[in-house]
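Q: Taking the working numbering, the leading residue of the sequence shown gets 1, the next gets one more, and so forth.
Any given hint might turn out to be false.
Lysine-lysine pairs mimicking DSBU-like chemistry, simulated, CA-CA at most 35 Å apart [claimed, not checked]:
| id | residue 1 | residue 2 |
| --- | --- | --- |
| 1 | K191 | K179 |
| 2 | K51 | K146 |
| 3 | K81 | K125 |
Everything labelled a hint here was simulated from the structure, so no lab data went into it. Since we're looking at a predicted model, the values are computed, not measured.
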Amino acid sequence: MRPINYSFQTGYFIGSLPTGCRYCILGAKIVVFITGLCDDNCWYCPISRSKYGRDVIFVDEVRVKNIEEDIVLEAYRINAKGAGITGGDPILVLDRTCNVIRTLKSEFGDNFHIHLYTSGRYVDKHVIENLESSGLDEIRFHLYDKSLVDRIEIALDSAIEVGVEVPFIPLEHYVEYLKQLILLLDDMGVKFININEFEVSESNIDQVILHGLTPSGLSISNIKEKAIDFLEWASKNTRNISIHYCTVEFKDNVQFRRRILRKSVNTMGLYEAVTRDGTLISIEVLGDKDIVSGLKESIVEYNGKHYLIPTEVACLLGRGVKAIVREYYPDREEILNERQIMY
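Start from the sequences, fold in the hints, and give me the full structure.
A: Given below as structure tokens:
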């Protein structure tokens, strides 16, 4: 029986964590959504309706206008050590995908770790050769059907690290499929399988209910217990393949939070402070010129507005100065919280 490891920082895993996951845990990877095009029509796909089926590009949820400039700049903003390329299916825009890989490798060096997700539907020897020559480090196949296993065999003949990534769906027939798949992958010499806790979104919630599942928060009711049962089975029946169960909680509270934190620390202005959640806070001072001039040493002017340097907040106390405190994500216009305060 192989041990099942767990921590809040990693989720559950048997064996060792995939290389790409280690960087994600640190929040050190940008996420490049290279296209929304996909021909697989998986009923459980959580991709938003604004992206699915559309040839759009995002990096860390920000729309990309210039591929080379915007993606490279985002990598600098979070001090990235790698990138994950996802979709849709990146193979449907192979030239674009390879261009992004080459651009990132050229800018940041060979140690900049890049992994890619694909269903494998359009993978052949030509595709793998192109990805390998571009510098791809790791490929993750989303195997919704065992008939696509032969695509993995093609990748195993390359220098690219090969794994599988699928959701955990707590339906009896699917769990049985997953068991048979893992045994097959273990025999093939596939290095790892990453199993994601089922993610409920507005785009798949109707299908979730139609399949007899009960949504609970961002996932499915009682999914944790069934996932642990599955991992216990895997610990007794697998030999070498590493198995990582990635929870929704981990993605939201660790991975996303750390990536935002890295970005805030690297991009914050003199007038901003970083919260524990990685968001930014600013304090806009309101009032006439006399009020602003009286705080001259503690004020920064930006875009025609006057902001208090966060470490100088004590200078406002008891002075009857009005201010607006705002909380927001770095590089986004959306305001998470806004309140007016009288100091």
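Q: Could you check the structure against the hints above and give me the numbers of any it violates, in ascending order?
A: Nothing - there is no hint that the structure violates, so all of them hold.
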